[in-house]
Amino acid sequence: MRTRGMWVRAAVAAAAAATLALSACGGRTEAEQGTPGQEGAAGFEKGALIGVALPQKTSENWVLAEGLFNDGLSAAGYQPDVQFANGGVAEQQNQIQSMVTKGAKVIIVGALDGSQVSSQVQQAKDSGATVIAYDRLILNTPAVDYYVAFDPFKVGELQGQALLDGLAERKGGGPYNIELIAGSPDDANTKNFFDGAMSVLQPKIDDGTLVVQSGQTEMSQVVTQGWKAENVQKRMDTILSGKYSGDTELDGVLSPNDTLARAALTSVKQAGKPTPVVTGQDSEVESVKSIIAGEQYSTIYKDTRELVDQTIKMVDSLQQGQQPEVNDTTDYDNGVKIVPTYQLDPVIVTQKNAKEVYADDPILGKEIE
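Take the sequence shown: its position 146, counted from the start at 1, is 146 in full-length UniProt numbering, and no numbers get skipped.
Heads up, some of the hints might be wrong.
Derived pair list, reagent style DSSO-like, types lysine-lysine, alpha-carbon separation capped at 30 Å [claimed, not checked]: (1) 289 / 57; (2) 273 / 352; (3) 171 / 234.
Computed Cβ-Cβ distance ranges for the label pairs, DEER-style [claimed, not checked]: (4) 208 / 286: 51 to 57 Å; (5) 228 / 274: 22 to 28 Å; (6) 126 / 362: 38 to 44 Å.
FYI, nobody ran anything at the bench for these hints, they're computed from the structure.
Beta carbons are placed, not taken as given, at the ideal position from N, Cα and C, and that holds for glycine.
Full structure from sequences and hints, please.
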């Protein structure tokens, strides 16, 4: 059986061959305080510039992160420089270089393409800055010091299990017709989400419980460039018209995030088909409303406040000349090194537990009152 470490090495090899941004898969170890010999703990002045290079605004979580980083870093006494790469990879490369030129002491990178910023983070490292990979692992470079993220492989596992649970709950006995959707091939988490889900679903495909009528079961066949809803809707329109004519029903859809889940649901609705069980991720407001209404089946809650807060804690430790807290020093291999990681746990959300999960969320809590 392949271990998560083996998934990582396979992902890195594929990235080198196909220039896809693939990421490492996570495991769990007991929390550790820093890593012996880890660089980037020399300390610096409190009012230092902290660069935050984020990808495109493809989900509500990224937009929320912008405000949280600006407010949180400012409140902690730093000068935040938060940038989005809405113009693409080249723009993010230039943004990181600019942060280096400005003298940023820490550069936090939510990579648009984790395989395309190695030169820029090496420049940051050479300048004396510490590099923290945020949410998406930066690949094939020794210049990334730390990684902070919700466990992406676990996200996929939860999505796969939610699909099975939803099918049993809403569609009766199998076999079930399903279709698969993956994220953008240049997102470092896409392979982990997909591999995590398929670790749950593939045995059910193999034994005939699940049937993929389109025959599209490889990640390369189901990726969604740019995480764009219109790409999923177009693909689903084609599949529905070609494979689900007549009385053949689509029972379920594995979707890696909420935006694509809603696109799949729109396609099914326009085709006049019954609502399938559809998974998601990010707990976007419209999808939470859909879940409460009994349409979209599930989402994943990854509290962006926790992720940003943990990242700022890392910055504080570095400012004080201390090694940041990590809780995984074995599983996140970027192809060159094992990156010390602080890993948070994602939470599956369905109609049944939404009220409990979102009780303390200032925005989503209001949607379920």
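Hints, verified against the model:
1. For a cut-off of 30 Å, the pair hint linking residue 289 to residue 57 stands: about 21 Å separates their Cα positions.
2. A hinted pair counts as satisfied when its Cα atoms are at most 30 Å apart, and residue 273 with residue 352 qualifies at roughly 25 Å.
3. A C-alpha spacing of about 25 Å is found between residue 171 and residue 234, which places the hinted pair at or below 30 Å, so the restraint holds.
4. Between residue 208 and residue 286 the beta carbon distance is about 35 Å. The supplied range of 51 to 57 Å is therefore violated.
5. Between residue 228 and residue 274 the CB atoms are about 26 Å apart, so this pair conforms to the stated range of 22 to 28 Å.
6. At about 41 Å, the beta-carbon gap between residue 126 and residue 362 stays in the expected band of 38 to 44 Å.
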